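Number of protein chains: 2
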Amino acid sequence: NAMPSRFVVVLVSVLAVSVSIGIGVIIGYFSHPSANSNVQAPIEDESIQQKLMNSINKENIQTHLKFLTKKPHIAGRSNDEVELVTYIENEWKANGLDNVVSYPYNVLLSYPKQGDSNYVAIVAADGTESDISQRKELVIDPEQNDPDVVDPFNAYSAAGEPEGDIVYVNYGTIDDFIYLNRTMLIDFHNKICIARYGSIFRGDKAKHAEQYGCAGLILYSDPANYCVPGEGVYPDSWYLPPTGVQRGNLKLARGDPRTIDYPSIPTAWFKNVSETSLPKIPVTPIGYIDAVKYLSKMGGPAVPAGWSGGLNITYRIGPGFSGTYASSKMKMSVKTENEEKEIKNVMGFIRGSVEPDRYVLFGNHRDAWVFGATDPSSGTAVLMEMVRSYSVMLKQGWRPRRTLVFCSWGAEEYGLIGSTEWVEEFQKQLLFRAVAYINVDVSVKSSYVFSCRGVYSLSNLMFDVAKSVPNPDTAEVSKGRTTVYDTWLLRSPFNSSDPSSLPFFGTLGSGSDYTMFLQSVGVPAIDMTYDYDRGLGISSYPLYHSVYETFDMVTTYVDPEFTYHLAMARIWAEAGRRLSDSVILPIDCRLYGVYLDRSYDSLMTIYGKSMRGNGIDTDKLKEVIDLFAVAANEIHDKENTLDLSNDFLVRGYNDQLMQLERAFLDQNPLPGRPVYRHYITAPSQHNNYGNSGFPGLVDSMFDIDADPDQVGRWEEVKRQYSILIFHILSAASTLRTPVPITQFSVHN
Amino acid sequence: NAMPSRFVVVLVSVLAVSVSIGIGVIIGYFSHPSANSNVQAPIEDESIQQKLMNSINKENIQTHLKFLTKKPHIAGRSNDEVELVTYIENEWKANGLDNVVSYPYNVLLSYPKQGDSNYVAIVAADGTESDISQRKELVIDPEQNDPDVVDPFNAYSAAGEPEGDIVYVNYGTIDDFIYLNRTMLIDFHNKICIARYGSIFRGDKAKHAEQYGCAGLILYSDPANYCVPGEGVYPDSWYLPPTGVQRGNLKLARGDPRTIDYPSIPTAWFKNVSETSLPKIPVTPIGYIDAVKYLSKMGGPAVPAGWSGGLNITYRIGPGFSGTYASSKMKMSVKTENEEKEIKNVMGFIRGSVEPDRYVLFGNHRDAWVFGATDPSSGTAVLMEMVRSYSVMLKQGWRPRRTLVFCSWGAEEYGLIGSTEWVEEFQKQLLFRAVAYINVDVSVKSSYVFSCRGVYSLSNLMFDVAKSVPNPDTAEVSKGRTTVYDTWLLRSPFNSSDPSSLPFFGTLGSGSDYTMFLQSVGVPAIDMTYDYDRGLGISSYPLYHSVYETFDMVTTYVDPEFTYHLAMARIWAEAGRRLSDSVILPIDCRLYGVYLDRSYDSLMTIYGKSMRGNGIDTDKLKEVIDLFAVAANEIHDKENTLDLSNDFLVRGYNDQLMQLERAFLDQNPLPGRPVYRHYITAPSQHNNYGNSGFPGLVDSMFDIDADPDQVGRWEEVKRQYSILIFHILSAASTLRTPVPITQFSVHN
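Chains as they are written, first to last, in UniProt numbering: chain A, 1 to 748; chain B, 1 to 748.
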């Protein structure tokens, strides 16, 4: 899991040649609360809410976390697939869930060669290696000294030992590479690139390096992105020490790359690994204790503004070293290997009393790169206690209207494998039956502010839920901000210059297990965490994916009292309760209209002039979005006259609300983006963590000015524009009265 | 519309290098009535059934047919798009339907150049043309003398005036071309091929001719396929006279070829026509008054057994003419042009009283090549009277449980354009809401026997309906066979050697408007007609698509009393009534299991040995089909304990029955088959009229022995085998209890 900081994303959008539309949408969204003020998710029984919240126990969360993190539990190995799977199965069975089912898949994973693990070094003309990087992270606390710790690596890297001149590529974004290639005229062939972590998904850095012909890529954590000056580093604070290394996956394909679109069940057909889209070049991560050795010896011009990190050196582009190292090369030794392993999802079910065939899903992954006390076990511990709290309610005679499905995903760190295979296996059932998917990966990154992203039709639900949960921040409570919502609004307003602003509510990229639910099946999805202060300017919580992400670190620096974990459990439980128990689904189609409007404004800001200059009538899209708003208002107006005691009528009504998200899916994947079919919101083309609004259209215009085939490219833009309009019309039609079947009429 | 005769299809399967699995399925299917004997579609109120049937009036059908056929009414021109559209709208509004809506689309059609229409001729070395074919069909009855008659042509032919040696290619099947190419070593470049109509869809003939490099293709109607010796021809009988010509479409793409996957609405993006899959060579049809001139002059070897037609000549392969014509060439002059036109679908709605968002659709096309008294106006006349009969019931206070949708499609003759564009526009709504689609194209081809095709889960429904409708054949009634079912079973048993056989129930290709409903959205579909005696050996009813298909012809030779039309209206109305009014949907999943079983047996007969020889465990598929049968039995067993008075529980149950067909759709189209996504049944790869069971798998093995890349091809077979197994498992899972979500476990 990683959520890019808003700060960094916005910064990039300003610098970039290309801009993903999702970014623009952020600015100014939700400064019109009037459109939403009358939306209230029905709360059927407040006493149930209180009982559910009160039955959650923070000591239990702590106990779970302690157990879950006592050993490293990487995907595909027994600590995770046997010990933790059994632990979860047993707990859920003991809780008395209606069903507990495990779903195994044989999938392609990747591991370093333990005992001969990866390193990088400077190699002299005579072949002598120097400045060899650490093969393991330094053990700072004895609890980290475990033989099951997997040495730092990037999953699915190619193996190899390339040597070449070093080039610094900043974050390795597509814009960074375009700048180096077009402005600095760097020829990347036979070069070893070094990129700092941050800004975008590391797999996109590797993709760009490969596209530009690099021989290898070194990823490192720069103190500018993982430390704050004067604040010290672990073990004296929670910031990244020089010896910490961020592990992580490079694969862009979701799930097992050998079985795109289909589950890796025993009867599956598996594509040869050589024919998959896995990286073709070696990639490996290092800490800044090592990175500084190489960066400080580099030659070539100094980097442009904004490219320097936090090391006390002059950052240079290269290529190559300077001075006494001028004839030396950078060398990488990567022996990472792919391996087929069995992974498991564990699912618990509470059958709905009225609508068993409507699913509300709660998901968290189980596997960690090392101990995973933050990522993901802080979420798993919360999941375990939330499930128990539901089971307490069950024992008191309560049962939700719709079915609850609790999901412990395997192999998320390897590119969402467990959730992807499961969604692929049960996509037809989910298409017709899933109401919503609520993801918690890391539950508590820090204690600064609650953070939530998702489809906008669920945003008001989340605001309401946050208003119902006590604020774990005692200092804030003493200032009168008694709910999670209050501090959310204070510290993370959507628009700080608007006194009537709502809290910030983000959009989804592909950083965790919500991805396939939303992008492939059109299930409305939410992802949330307790976050750190984005104003710190760091790229993720600092010890992310390092060996230092331990239970003691959490109890020392993140949440000693487990009160934030408790708040997360309550938010998650209550959001699920409302989705599963409200008579009318708390899906607000009007908010999708707001989202479309904002996406349109951003599109126009960035591309409007260019589109009009190439013969596209940009008013047409606006007209269609306005028609969507009409349909959205129409359907919600019907709530006033709907007989809530008539389950049958309510089901028909709810079915239309559910179908909205599905109406945005295309029959075909987005061009060049297997498995992503959502035409309104998708992971960004050049940053899998980011979000792109109107992705088919926006992708079609990426870097279009540099394309010699202007006619062909603009035809594709026009095609995408037409498809986008069609899906918005189709969604509007889905919301209208089912008889007669009608479409808003739009003339060209 | 055209339904290939079973006789001809089976004959081809014996001759062919390739065999579509659907064919094998036919033999022996439904000789196990025990599996179905306890399936009864609930009949909620028999008095409604009787009232509905009795309110249908055969004189009204006759009156409608007279009006509908008074002028030629080709798609895209005012006789059809204005006069008949207005007529239908007015009638339905007068009937008091809840809604009548027209859906216009701007689509690509094709017309001959009137006044300079197409012909073929023999051209001598000096350029002199002789033996010029008739540009118009001879007017035999004054009613045919109408300026709006469109001269014979094949829609979407390329224009051109090629000359070359003539080659006779029999029916122009892929097997015919393979034989000529591999055994007879014919080089088709610069050749003008002549093929007889029959056996397969004419568009596939054109595709094969183009694939093999022909310069042009002449299609003709051979008396062997459209006449019976000694029976005379029109106007003395209903058989094809020498001057009759079969018009018809060549386009394989469904709908507007410029907007595959999307509707041709004003905001659509239209692909350039030159980039579509339309024919690249000229193709034109002639009658046998002309064909005999060319065929009798041909040289080269005599044709192999089975290739001779009914003309009193020696059929020869060519290439080229012989004797005094040895230096002459065949010439074609084709000036057919594509043209964008507005077409319209008219839809009438009767809103369901209980489940308005569940649709039962009745479809028939409106457009005809000329007068269309058989194709399609015999169906349109029946549709109009059926709608009126429903409106009579409405006025008596009855209202169906689910919504009825009556569809008058435009431009079906041009490759299902009206229905395809509409399904594309409303595919999301149909995916979630459509219960079934019942098609009637030609309602009465002749009076011999009722004929029905569709998905097997609806077969028992149709048997039950046929048992409830009085037999229009008075001679049969006098022998004690009082229902349509009785004569159906007598004259068209599934297995004539099995005394317990059920009637023949066929599978769907892509001959009419059911195609997109089933293949693209997974809506269970039925197609039916009153048929001629397939034992006659003719390829279609003889005057099909000729100028002689007139009202007088129908009243003289087909159904003078309109009693067969009446029976069709009753069958259609009653099938729709049961689908719309039964509490439990009359969809029998167990019969899908029977179909899978039979498809498996056919697959094994044809390909089993070869598959096993290439390392495929063919027992695995059988195992999965058996698991599907378990799930199908499970769900139907639940009917016994279902509380039919609980609308809510019944809806959940019915939803699972509805979802079955959808579970067989893949996320991706079949390889090389845009828009077809059904992995269990699809139009045949080499005959769009035919049906192929397990189409992805069967297509992957077509002509595989001749492929030099045996490894690559068999990998694709294995991939397809795996996908097929996945979809059967997925469908089985869809039928199982929704909680927990489960899959049958199959080990590899």
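There could be a bad hint or two in this list.
You can't tell identical chains apart in this list, so a pair holds if it fits in one copy or across any two.
Claimed, not checked - Below are the SDA-like pairs computed for lysine to any residue, each with C-alpha atoms no more than 20 Å apart in a straight line:
id, residue 1, residue 2
1, Lys293, Thr314
2, Lys71, Tyr87
3, Lys93, Arg399
4, Lys620, Thr474
To be clear, the hints were calculated from the coordinates, so they are not data collected in a lab. None of the values given here were measured: they were computed from a predicted structure.
Hints and how they fare:
Within a single copy, Lys293 and Thr314 get their C-alpha atoms as close as 12 Å, which meets the 20 Å cut-off; across copies the closest is 91 Å, which misses it. Within a single copy, Lys71 and Tyr87 get their C-alpha atoms as close as 13 Å, which meets the 20 Å cut-off; across copies the closest is 78 Å, which misses it. In the homo-oligomer, the alpha carbons of Lys93 and Arg399 lie at most 20 Å apart inside one protomer (17 Å), although the nearest pairing across protomers, at 49 Å, exceeds that limit. With identical chains, the CA atoms of Lys620 and Thr474 are never at most 20 Å apart, being 51 Å at best within one copy and 62 Å at best between copies.
In this structure, the one hint that does not hold is number 4.
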